[in-house]
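Modelling step: build the complete structure from the supplied sequences, incorporating the hints.
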Amino acid sequence: MHNRGRLLIACSDRPGIVAAIARFLFECGANIVHSDQHSTDPWGGQFLMRVDFELPDLVRRTPELVRDFDRKVATPFAMSWRLAHAGRRKRLAVFVSREEHCLLELLWQQRSGDLQADVVAVISNHPDLEPVAAQWNVPFHHVPVQASDRGAAEAQHNEILSDGIDAVILARYMQIVSAAFVERWRNRIINIHHSFLPAFVGAKPYTQAYERGVKLIGATAHYVTEELDAGPIIEQDVQRVDHRHRAADLRRIGRQVERMVLARAVRWHVEDRVLVHGNKTVVFD
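In terms of my numbering, the sequence shown opens at residue 1 and continues consecutively.
The set of hints was computed from the structure by calculation and includes no laboratory data.
You may find that some hints are simply not true.
What the hints assert, rightly or not - Simulated DEER-style distance windows between Cβ atoms:
(1) 226 - 63: 33 to 43 Å
(2) 45 - 239: 27 to 37 Å
(3) 242 - 204: 41 to 51 Å
(4) 41 - 118: 17 to 27 Å
No experiment lies behind these values; they were computed from the predicted model shown.
Cβ atoms here follow ideal geometry from the backbone N, Cα and C, with glycine treated the same way.
See the structure below:
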């Protein structure tokens with residue numbers, strides 16, 4: 001993957017976009033190995049594209065490639081775009097509170113090779129999961145959050161995250177982040193929550209769900225925005241339940257769904273498969 005590049009592109013749709021991209025890569029000596037595209041409307045909608053290509057000596061040639069693509073293709077088509085190196089493993093900071101299931105899933109998928117990224121920091125407002133991080137040799141940072149002074153905690157967060165972090169994962173982190181933090185990490189903060197929201201807000205949502213006799217347990221992974229739990233959705237899943245399941249069963253099933261949904265969302269993000277369009281996402285295969 002050392003010479004594998006990815007172009008992520010968004011612009012107004014019009015004829016000739018794909019041809020211009022393919023021609024540019026051909027003239028550079030690149031070979032396209034995978035390409036996905038989507039148009040919200042072929043006549044004036046938004047065009048989104050992900051292209052994987054192989055190019056000998058990609059790292060050295062990147063500055064030249066970026067300059068020429070911007071001049072020859074991106075500017076004429078008024079594109080929003082970026083070039084990613086597929087061979088570079090992204091660095092993740094995982095925020096947690098007291099629940100470990102989502103963190104453990106990410107760590108396991110990293111070890112097994114299913115997640116092409118490295119968890120390089122675990123940050124928590126409680127000390128409970130420090131032994132878990134220690135078992136996986138990941139630095140643990142206990143940063144208490146005081147309701148009267150959230151800015152002090154966030155200043156510590158920013159200092160930790162200054163060490164080349166690519167994405168922030170809220171793995172059942174039970175604190176609200178500020179609008180300034182969201183802006184700094186726009187479309188790079190992924191959160192997981194149960195899909196009962198907003199029907200069952202507040203404490204003990206699974207108990208509330210049990211008392212209402214729900215028939216589906218679900219989870220949603222999304223990018224974080226200033227509006228609570230309303231950002232662009234990356235992945236969702238559900239599990240059917242029935243009257244035989246007690247509140248403890250719902251919590252157990254909910255944890256299983258949450259950890260898998262979050263892991264898929266993080267994997268797609270680090271593989272540059274997710275493009276944000278407004279408050280929606282396009283997730284390429």
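* Using the beta carbons of residue 242 and residue 204, state whether their distance is inside 41 to 51 Å or not. => 20 Å Cβ-Cβ, so the 41 to 51 Å window is violated.
* Asked: Is the gap between the beta carbons of residue 41 and residue 118 within 17 to 27 Å?
  -> Taking Cβ atoms as reference, residue 41 and residue 118 lie about 39 Å apart, which means the hint is violated.
* Beta-carbon spacing of residue 226 to residue 63 - inside the hinted bounds 33 to 43 Å or not -> 35 Å, holds
* For the range 27 to 37 Å, tell me whether the beta carbons of residue 45 and residue 239 fit it or not. => 35 Å, holds
Hint violations for this structure: numbers 3 and 4, all remaining hints satisfied.
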